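Those protein sequence lines, which keep their order, are chains A and B. Sequential numbering from 121 applies to the first sequence in my numbering. Sequential numbering from 22 applies to the second sequence in my numbering.
Don't read these hints as lab results, they were simulated from the structure. Keep in mind that the hints are not guaranteed to be accurate.
To be verified - Below, simulated DSS-like cross-link-like pairs (lysine-lysine); rule was C-alpha separation at most 25 Å, straight line:
#1 Lys154(A) with Lys141(A)
#2 Lys63(B) with Lys229(A)
#3 Lys207(A) with Lys217(A)
#4 Lys230(A) with Lys63(B)
#5 Lys141(A) with Lys207(A)
#6 Lys217(A) with Lys235(A)
As the list claims (entries may be wrong) - So the derived label-pair ranges between C-beta atoms look like this:
#7 Ser144(A) with Met99(B): 18 to 26 Å
#8 Ala213(A) with Lys45(B): 40 to 48 Å
#9 Val232(A) with Lys45(B): 39 to 47 Å
#10 Thr59(B) with Pro157(A): 40 to 48 Å
#11 Tyr56(B) with Leu122(A): 26 to 34 Å
#12 Arg40(B) with Thr202(A): 43 to 51 Å
#13 Asn187(A) with Glu35(B): 40 to 48 Å
#14 Val38(B) with Gln183(A): 39 to 47 Å
#15 Arg77(B) with Ile266(A): 27 to 35 Å
#16 Glu76(B) with Leu122(A): 25 to 33 Å
Stated by the list, open to error - If you want the ones that stay clear, here's a sample from chain B, every Cβ over 10 Å from chain A, calculated:
#17 Met22
#18 Gly24
#19 Gln25
#20 Ser28
#21 Asp29
#22 Arg30
#23 Glu35
#24 Val37
#25 Ile57
#26 Glu58
#27 Val60
#28 Leu61
#29 Ser75
#30 Glu76
Since the model is a prediction, treat every value here as computed from it, not as a measurement. Glycine included, each C-beta is placed from N, C-alpha and C at the ideal position.
Listed below, chain by chain, are the residues.
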Amino acid sequence: MLSFYSDYLDRVQDLHNDIKKSISGLTVEALDWKPQPEMNSFTVLVDHVVYAERYLVGDMTGQESANQSIETAFTVSGLDETTLVQKLDDVLAYTEKVLDKFTLDDLDKKIVSAKSGNSFTISRSLLHSLEHTASHMGHMQVMRDIWDYR
Amino acid sequence: MTGQESSDRNRDSEFVVERLDEAKLVQRLDDSLAYIETVLEKLTLDDFNTEIRSERNQRSFTIGWSLLHALEHTATHMGHMQVMRDMWDGRTHS
Chain A
121 MLSFYSDYLD RVQDLHNDIK KSISGLTVEA LDWKPQPEMN SFTVLVDHVV YAERYLVGDM
181 TGQESANQSI ETAFTVSGLD ETTLVQKLDD VLAYTEKVLD KFTLDDLDKK IVSAKSGNSF
241 TISRSLLHSL EHTASHMGHM QVMRDIWDYR
Chain B
22 MTGQESSDRN RDSEFVVERL DEAKLVQRLD DSLAYIETVL EKLTLDDFNT EIRSERNQRS
82 FTIGWSLLHA LEHTATHMGH MQVMRDMWDG RTHS
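Here chain A stands alone, though its shape is the one from the complex (with noise of 0.2 Å):
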């Protein structure tokens, strides 16, 4: 894998292991829980994620459509860590077989979404991932702290 691949990897999979933090001793009815009734669960949160990093870095920009369905998605529930870090585990090995295949020119080329139609580098489709898994990593470490201090 060139370097700049591994360095994504290695960035995704920090974001992981911070995740993993946050989620790490709690029960399957802490999991579930909202700091508040609009926001989203650990669980929600940890789906939703490894549902856009299968969508941006497979369906996207690897071209290999997994036909998901966002019909369940921020309603699943009842799922346990073992479950949720499994899932991460999953995803992060798939991203490491698309991103193998790639080389540095690849990140100009452009990508078109089967969902909406638009046109994106494969550079956009890639950092538009790692940011948003990180942004929600971000909830969980505060979702975790409130838990903790509740």
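Assemble the complex: chain A is given as a structure, and chain B must be docked to it using the hints.
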């Protein structure tokens, strides 16, 4: 790191700053974005693999790693602030 142009960063001082208003904070963000643009303009794709060394901890990174880390670092703190804002609004509305 990426532009190899020292800002004489004092990390500890970043966590004690207070009493700035919204306009000043927005101006800082705008200034930072404008600076980023001047640095990125000089880079090529091949530069992503160039190794650079941190003066602070003497560790080596690639320019690509440094840029990716800047992005996810900002996004992480943006996430913190989004939840903080939700909690602040919830507190003042209750």
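Here is how each hint holds up against the structure:
no. : hint                                : in the structure
1   : Lys154(A) with Lys141(A)            : holds (18 Å)
2   : Lys63(B) with Lys229(A)             : holds (20 Å)
3   : Lys207(A) with Lys217(A)            : holds (16 Å)
4   : Lys230(A) with Lys63(B)             : holds (22 Å)
5   : Lys141(A) with Lys207(A)            : holds (15 Å)
6   : Lys217(A) with Lys235(A)            : holds (23 Å)
7   : Ser144(A) with Met99(B): 18 to 26 Å : holds (23 Å)
8   : Ala213(A) with Lys45(B): 40 to 48 Å : holds (45 Å)
9   : Val232(A) with Lys45(B): 39 to 47 Å : holds (42 Å)
10  : Thr59(B) with Pro157(A): 40 to 48 Å : holds (45 Å)
11  : Tyr56(B) with Leu122(A): 26 to 34 Å : holds (28 Å)
12  : Arg40(B) with Thr202(A): 43 to 51 Å : holds (46 Å)
13  : Asn187(A) with Glu35(B): 40 to 48 Å : holds (45 Å)
14  : Val38(B) with Gln183(A): 39 to 47 Å : holds (45 Å)
15  : Arg77(B) with Ile266(A): 27 to 35 Å : holds (32 Å)
16  : Glu76(B) with Leu122(A): 25 to 33 Å : holds (27 Å)
17  : Met22                               : holds (13 Å)
18  : Gly24                               : holds (17 Å)
19  : Gln25                               : holds (18 Å)
20  : Ser28                               : holds (22 Å)
21  : Asp29                               : holds (26 Å)
22  : Arg30                               : holds (21 Å)
23  : Glu35                               : holds (17 Å)
24  : Val37                               : holds (20 Å)
25  : Ile57                               : holds (13 Å)
26  : Glu58                               : holds (16 Å)
27  : Val60                               : holds (16 Å)
28  : Leu61                               : holds (12 Å)
29  : Ser75                               : holds (15 Å)
30  : Glu76                               : holds (20 Å)
Going down the numbered hints, you'll see the structure goes against none, and every one checks out.
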